[in-house]
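So the chains spell out like this:
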Amino acid sequence: DAKTTQPPSMDCAEGRAANLPCNHSTISGNEYVYWYRQIHSQGPQYIIHGLKNNETNEMASLIITEDRKSSTLILPHATLRDTAVYYCIVRLRGSGTYKYIFGTGTRLKVLA
Amino acid sequence: NAGVMQNPRHLVRRRGQEARLRCSPMKGHSHVYWYRQLPEEGLKFMVYLQKENIIDESGMPKERFSAEFPKEGPSILRIQQVVRGDSAAYFCASSPGTGDNQPQHFGDGTRLSIL
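If you're matching them up, the sequences are chains A and B in order.
The first sequence lines up with residues 23 to 134 when you count with the working numbering.
The second sequence lines up with residues 53 to 167 when you count with the working numbering.
If you are wondering where the hints come from, they were derived from the structure by calculation, not from laboratory data.
Check each hint, because a few of them may be wrong.
[Claimed, not checked] Listed next, with one range per pair, are the computed distances between beta-carbon atoms:
hint : chain 1 : residue 1 : chain 2 : residue 2 : range
1    : A       : 79        : B       : 122       : 33 to 39 Å
2    : A       : 99        : B       : 105       : 40 to 46 Å
3    : B       : 54        : A       : 45        : 32 to 38 Å
4    : B       : 66        : A       : 101       : 22 to 28 Å
5    : B       : 125       : A       : 37        : 43 to 49 Å
6    : B       : 68        : A       : 37        : 23 to 29 Å
7    : A       : 96        : B       : 64        : 28 to 34 Å
8    : B       : 103       : A       : 43        : 35 to 41 Å
Quick reminder that beta carbons are idealized off the backbone N, C-alpha and C, glycines included.
Whenever a hint applies, use it, and build me the whole structure from the sequences.
Below you can see the structure in the form of structure tokens.
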């Protein structure tokens with residue numbers, strides 16, 4: 023089972039910030055949070071990841087709460103091309119495996 | 053740098069035939085992961101390989117499915133005697149290692165349709 027929960031869908035107006043929440047209340051102290059998105063008929067695209075500090079790159083910002091039980095992905099100025107399913111993932115570790123457990127993600131629709 | 057390359061992008065097979073899906077990881081990546089995605093669902097882990105070795109196959113069906121990642125050449129996911137339920141998108145991902153700062157990078161998948 024996925025270690026994360028996300029709202030199934032969100033809408034955002036073009037040009038506004040899109041804030042996508044993720045709950046990961048059972049995360050362990052050394053587990054990272056990864057964000058990917060999947061645009062229709064393509065493979066998941068890596069966006070950003072973090073442990074406990076806020077992170078920013080050219081695509082997005084990641085805000086992780088101090089207790090690490092939740093995080094928010096921020097797309098500062100959403101465009102129509104950001105319409106996609108966004109996945110928040112806590113990577114499963116241990117016993118030599120490093121697989122991702124995907125949840126159902128958040129379907130973000132950016133509206134013109 | 054070229055990304056993860058999967059081929060074919062689309063594959064049609066009749067029930068009972070064999071399907072072979074290929075994945076060439078990114079240059080310098082020796083870890084390969086296969087995932088399956090049914091329509092309107094998230095990706096489900098199938099198998100994790102590191103050059104010539106299967107590390108974790110906990111998501112692979114017990115029969116008809118196999119995977120390999122030879123010393124030379126692409127990783128292959130093989131499905132024997134396909135059935136209608138095998139219809140799905142199959143994605144491959146690769147990473148240079150397993151460190152936390154080495155996220156997986158995905159290909160654009162192979163869409164398998166069973167007639």
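Review point. Does the Cβ pair residue 68/B, residue 37/A satisfy 23 to 29 Å?
Key: At 53 Å between Cβs, range violated.
Check your understanding: Is 40 to 46 Å right for how far apart the beta carbons of residue 99/A and residue 105/B are?
Key -> Holds - the Cβ-Cβ distance for residue 99/A and residue 105/B, about 45 Å, lies within 40 to 46 Å.
Review point. That 22 to 28 Å hint for residue 66/B and residue 101/A (C-beta), does it hold up?
Key: 42 Å, violated
Review point. CB of residue 125/B to CB of residue 37/A, is that within 43 to 49 Å?
Key: 47 Å, holds
Review point. Do residue 79/A and residue 122/B keep their Cβ atoms within the hinted range of 33 to 39 Å?
Key: 35 Å, holds
Check your understanding: CB of residue 96/A to CB of residue 64/B, is that within 28 to 34 Å?
Key -> Roughly 41 Å apart at Cβ, these two residues miss the hinted range, so it is violated.
Review point. Given a hinted range of 32 to 38 Å, is it respected by the beta-carbon distance of residue 54/B and residue 45/A?
Key: Taking Cβ atoms as reference, residue 54/B and residue 45/A lie about 36 Å apart, which means the hint holds.
Exercise for review: Given the range 35 to 41 Å, decide if the beta-carbon distance of residue 103/B to residue 43/A lies inside it.
Suggested key: The hinted range 35 to 41 Å holds for residue 103/B and residue 43/A, with Cβ atoms some 38 Å apart.
Hint compliance for this structure: hints 4, 6 and 7 are broken, all remaining hints hold.
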